[in-house]
Each structure stands twice: as structure tokens, then as C-alpha cells.
Amino acid sequence: MVQSAVPALVAGDDESDRQLVDQAKAGEAAACDALARRHRRAAYLLALQMLGNRDDAMDVTQDAMLRFFTTLKSFDATRRVQPWLFTIVRNQVRDLWRRRQRRPADAIGESDALVGQLAAPQPGPEADLHRRELKARVWRALAALPAEKREIIVLRDFHDLSYSDIAQVLDIPIGTVMSRLHGARRQLRARLEEGGRHA
8 MVQSAVPALV AGDDESDRQL VDQAKAGEAA ACDALARRHR RAAYLLALQM
58 LGNRDDAMDV TQDAMLRFFT TLKSFDATRR VQPWLFTIVR NQVRDLWRRR
108 QRRPADAIGE SDALVGQLAA PQPGPEADLH RRELKARVWR ALAALPAEKR
158 EIIVLRDFHD LSYSDIAQVL DIPIGTVMSR LHGARRQLRA RLEEGGRHA
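Each number in our numbering corresponds to the 1-based position in the sequence shown with 7 added.
Accuracy of the hints is not assured; some may be wrong.
[What the hints assert, rightly or not] The list that follows gives simulated cross-link-like pairs (lysine to any residue, SDA-like), each with its CA atoms no further than 25 Å apart: (1) Lys80 / Asn98; (2) Lys32 / Asp63; (3) Lys142 / Ser81.
[Stated by the list, open to error] Here are the simulated distance ranges between beta carbons: (4) Arg44 / Gln108: 28 to 36 Å; (5) Arg193 / Arg107: 25 to 33 Å; (6) Asn98 / Phe165: 14 to 22 Å.
Honestly, the hints are just simulated from the structure, not real lab data.
All values reported here derive from a predicted model rather than from experimental measurement.
Glycine included, C-beta positions come from ideal geometry on N, C-alpha and C.
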């Protein structure tokens with residue numbers, strides 16, 4: 008039996024994403040697998056950045072990917088896959104917070120896990136230590152922000168989503184995205200400065 012060609016896995020390639028979605032809707036398992044491989048890591052990183060806990064992030068990612076595929080038939084192929092999947096991840100994170108009846112800021116207590124995920128190799132041990140300390144400070148300050156401020160910074164500055172993609176994920180107008188992002192960055196900067204004074 009001849010299998011249909013699955014587009015090459017190129018991150019951010021919207022055209023091949025559309026082809027994969029069409030094939031997955033037609034029931035092709037290889038296309039579903041390719042979509043999962045392409046987008047699972049970004050979904051996991053978003054969940055981790057919002058939750059700060061690897062186990063919770065893994066559970067949320069699995070739930071989000073399952074929901075992604077069970078709702079694929081209703082997906083509008085004119086939209087991009089990543090913002091749609093990020094919307095699902097965000098909803099799953101918020102469901103988890105509601106189930107646990109705890110504030111989002113309480114969930115990000117494992118800054119070491121976050122720093123470990125994001126730390127890149129450095130030229131020397133002192134530079135590496137300084138960079139890790141800075142990242143830990145950023146994550147602590149980010150964790151102290153309200154959920155809506157934290158998520159908009161994560162979507163824009165860590166996942167590099169466009170304003171229109173963020174508007175889609177958060178279901179808000181682009182003007183609101185810009186003003187909320189500006190306010191969130193200002194608040195994050197203030198918390199970092201405050202943390203620096205107490206360091």
C-alpha cells in the first residue's frame with residue numbers, strides 16, 4: 008500500500024501544517040504523528056513556562072494534544088496551528104489552576120526546573136553562573152505577575168508570537184494585546200528592579 012507523502016517537518020511552515028491538517032482530517036496516522044512531533048515541544052514549553060512544574064506541564068501537554076486531535080475536524084484550515092494549540096494549552100493550564108483552587112503565582116515555585124530548561128551552554132563557569140542567576144531572577148519576577156500579564160510576556164517574548172497570533176490565543180483585540188504587553192513588561196521590569204535591590 009502506498010502512503011501519501013507527509014510534508015517535511017519545518018518549524019513554522021504554515022503551508023505544510025495545512026497539508027498535515029488536511030491529511031490528518033482524512034484519517035492519515037502519519038500526518039497526526041508529524042503534527043504531534045512538530046508542535047508538542049512548543050506546547051510543553053508554554054505549559055512549563057506558565058506552571059513551573061515539569062510533571063504538571065507534561066500532563067497539561069498530553070491533555071492539550073489529545074484535545075487538539077479530538078477537535079481537529081472542526082479546525083479552520085485558514086488559521087495557523089500554533090496559536091490554536093496554544094489556546095488549548097492555555098485553557099488546560101487554567102483548568103488545572105481551577106481544579107487545584109490555587110493562584111497561578113503559587114504554581115511557579117520550581118524556578119530551577121525552568122532555568123534548567125532554558126539555560127544555554129556558556130563560555131565559562133562564571134558566565135554560566137551569572138546567566139543562570141539572572142534567569143532565576145527573571146522567572147521569580149515573572150511568577151509574581153498576575154496570570155494575564157505572565158502569559159502575554161511568555162507568548163510574545165519566549166515564543167515570539169505576532170500580535171495577531173496573541174490576539175487569537177487570548178481572544179482579545181490587537182490593541183489590547185499591545186497595551187497589556189506594555190503594562191506587563193513595565194510591571195516585570197519593576198519587579199526585577201525591586202528584586203535587584205533586595206539581592
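If you check the beta carbons of Arg44 and Gln108, does the distance land in 28 to 36 Å? 35 Å, holds
For the pair we were handed, Lys80 and Asn98, check the Cα-Cα distance against 25 Å. Roughly 19 Å between the alpha carbons, so the hint for Lys80 and Asn98 holds.
Going straight from one Cα to the other, do Lys32 and Asp63 come out at no more than 25 Å? With a Cα-Cα distance of about 29 Å, the restraint between Lys32 and Asp63 is violated, given a limit of 25 Å.
Hint consistency between Lys142 and Ser81 [alpha-carbon to alpha-carbon, up to 25 Å]: 39 Å, violated
Indicate whether the distance between the beta carbons of Arg193 and Arg107 respects the range 25 to 33 Å. 29 Å, holds
Does the beta carbon distance between Asn98 and Phe165 stay inside 14 to 22 Å, or does it fall outside? 19 Å, holds
Comparing the model with each numbered hint stated earlier shows that hints 2, 3 do not hold.
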